[in-house]
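Enquirer: Protein chains in written order, with numbering that gives the first Met the number 0: chain D, 0 to 160; chain P, 0 to 289.
Think of the hints as simulated: they come from the structure by calculation, not from any bench.
It should be emphasised that the depicted structure is a prediction, and the values quoted were computed from it without experimental measurement.
Treat the hints with caution; some may be incorrect.
Said to hold, decoys possible - Take a look, some chain D residues computed to stay more than 10 Å from chain P by CB distance:
hint	residue
1	Arg-17
2	Leu-36
3	Gly-86
As the list claims (entries may be wrong) - These stretches of chain D come out as covered by chain P in the derived footprint (C-beta under 8 Å, 3 or more residues):
hint	stretch
4	60-71
5	90-101
Even glycine gets a Cβ: it sits at the ideal position worked out from N, Cα and C.
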Amino acid sequence: METQVAQVAMTVNGTPRRATVEPRKTLADTLREDFGLTGTHLGCEHGVCGACTVLVDGAAIRACLMFAVQADGSEVVTVEGLAPAGGGLSAVQRAFREEHGLQCGFCTPGFVVSLTAYLRDHPMPSGAELRDALSGNLCRCTGYQGIIAAARRAAGGMEDQ
Amino acid sequence: MKAAPFCYHRPGTVAEAVETLAAFGDGAKVLAGGQSLVPLMALRLARAEHLVDLGRIAALRYVRGAADSVAVGAMTVQAAAGRDPVIAASVPLLARAIPFIGHFQVRNRGTVGGSCAHADPSAEIPAVAVTLDAELEASGRGRPRLIPAAKFFTSTFTTSLEPDEVLTALHFPVWPGRSGFAVREFARRRGDFAVAGAVCAVTLGQGERIERVAIGLLGLGAVPLRAAAAERAATGTAAGDLDVTEIGHLAVADTDPPDDVHATPGYRRRVGVAMAARALTAALEEAAHG
Ligand SMILES: Cc1cc2nc3c(=O)[nH]c(=O)nc-3n(C[C@H](O)[C@H](O)[C@H](O)COP(=O)(O)OP(=O)(O)OC[C@H]3O[C@@H](n4cnc5c(N)ncnc54)[C@H](O)[C@@H]3O)c2cc1C
Ligand code: FES
Ligand code: FES
Chain D
0 METQVAQVAM TVNGTPRRAT VEPRKTLADT LREDFGLTGT HLGCEHGVCG ACTVLVDGAA
60 IRACLMFAVQ ADGSEVVTVE GLAPAGGGLS AVQRAFREEH GLQCGFCTPG FVVSLTAYLR
120 DHPMPSGAEL RDALSGNLCR CTGYQGIIAA ARRAAGGMED Q
Chain P
0 MKAAPFCYHR PGTVAEAVET LAAFGDGAKV LAGGQSLVPL MALRLARAEH LVDLGRIAAL
60 RYVRGAADSV AVGAMTVQAA AGRDPVIAAS VPLLARAIPF IGHFQVRNRG TVGGSCAHAD
120 PSAEIPAVAV TLDAELEASG RGRPRLIPAA KFFTSTFTTS LEPDEVLTAL HFPVWPGRSG
180 FAVREFARRR GDFAVAGAVC AVTLGQGERI ERVAIGLLGL GAVPLRAAAA ERAATGTAAG
240 DLDVTEIGHL AVADTDPPDD VHATPGYRRR VGVAMAARAL TAALEEAAHG
């Protein structure tokens, strides 16, 4: 069978990027291998764990369930693109540090990206809504309590981002 | 955990998509939101030599309300349908079912049409389609056709779509009058496919009698089911006299639920009784009090 290759162009964290990819290459692999952005982690590669979450045209999505060819022409933001331009941490990132929202850190980019998008759209979530919003991300270390505390702190402090 | 190689096609119109599907026959598959197909391809449980991506066919993303029905384009993402004001006002059952689908990141990509074409027996949108007697519109090489939901879902992961047909839209009837709608389901974890669930629409008439009722079941068979015996028993009864648990038992009586690692058939049926009773109670409550 012929192995077709395709040219893709997208804006990643504000920078225009191009790559030549096989159609079967996921957006996650393209971000990591072609663009060197290894902050996007791959846990399960089939849509269960949420570690690969990135923003595509503003929407939080699983980058292991999207082929790079589908993201052609899109605006992508990864965890590397969340911190303010001058350095330092975003409000969500700061909350994770302050509340011990991570241990090994493998799941953290997915949680941080997911929560950033969720709080942008739901600035005043209830505790139950926050837990629901975090249900699409798995963590094998923390037992989630630190993550929930970080989410609550970030929800309270979004205005200073 | 990577998909096998394939050729990628990105048609701009439905006609072009149908042509590509027809040209490559069994080797071609439609790609919609990819939230079911891509994991299956990564696990090598599904394989396609040609993927026909509907993602750039803008004409398949819309919600259009008319007096007695609402049309939803097949490529409308679940998240967009879930926050659409026309759907919320005219097909509340659909709006209420969508938050039960996976997680918000999945709903941001998964489509209304893809959920039906995939035909998981525990999926929410197919259950709503069957319960409201929606019609599914398909385009192939011949004339576009309308398929009643009851005929669309033929078995687990199987529909009556032809290999070269594209599902283009769903048409949901609007229930007028004093109607109420509810979805209840039980899953092991938030966002998982349900062990069992029920969706219910009810209309009250004179003397608080149940004029019309539809109860759909998910996770209790190879396809989303209608609880016909339960509906017959409830119709014409005064809402206050109804024994919802008895209706729940009637609803699951003839079902043959799957037996798998998540639940036994007996357990699924017990959950089904409770979910049907609760969905009916909530729908009646809404019909009576708004
Ligand atoms: C973690 C996770 C949890 C989930 N939980 C749930 C849940 O609780 N409930 C639920 O209902 N779903 C759940 N899903 C599945 C999700 O709803 C999928 O989006 C949906 O089943 C398929 O829609 P899609 O647009 O992603 O289709 P795709 O994955 O792109 O396609 C699915 C199948 O349908 C075919 N197809 C798609 N669109 C068309 C069309 N227009 N015409 C013809 N054929 C078509 C494809 O060829 C393929 O065979 C979950 C998914 C994930 C990853
Ligand atoms: S790596 Fe994408 S969801 Fe697990
Ligand atoms: S901190 Fe280790 S997986 Fe979450």
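Enquirer: Each of the hints needs a verdict: does it hold here or not?
Expert: Against the structure, the hints:
1. Arg-17: 17 Å, holds
2. Leu-36: 18 Å, holds
3. Gly-86: 28 Å, holds
4. 60-71: holds (count 8)
5. 90-101: Violated, because only 0 residues of the stretch 90-101 of chain D bring their Cβ atoms closer than 8 Å to Cβ atoms of chain P.
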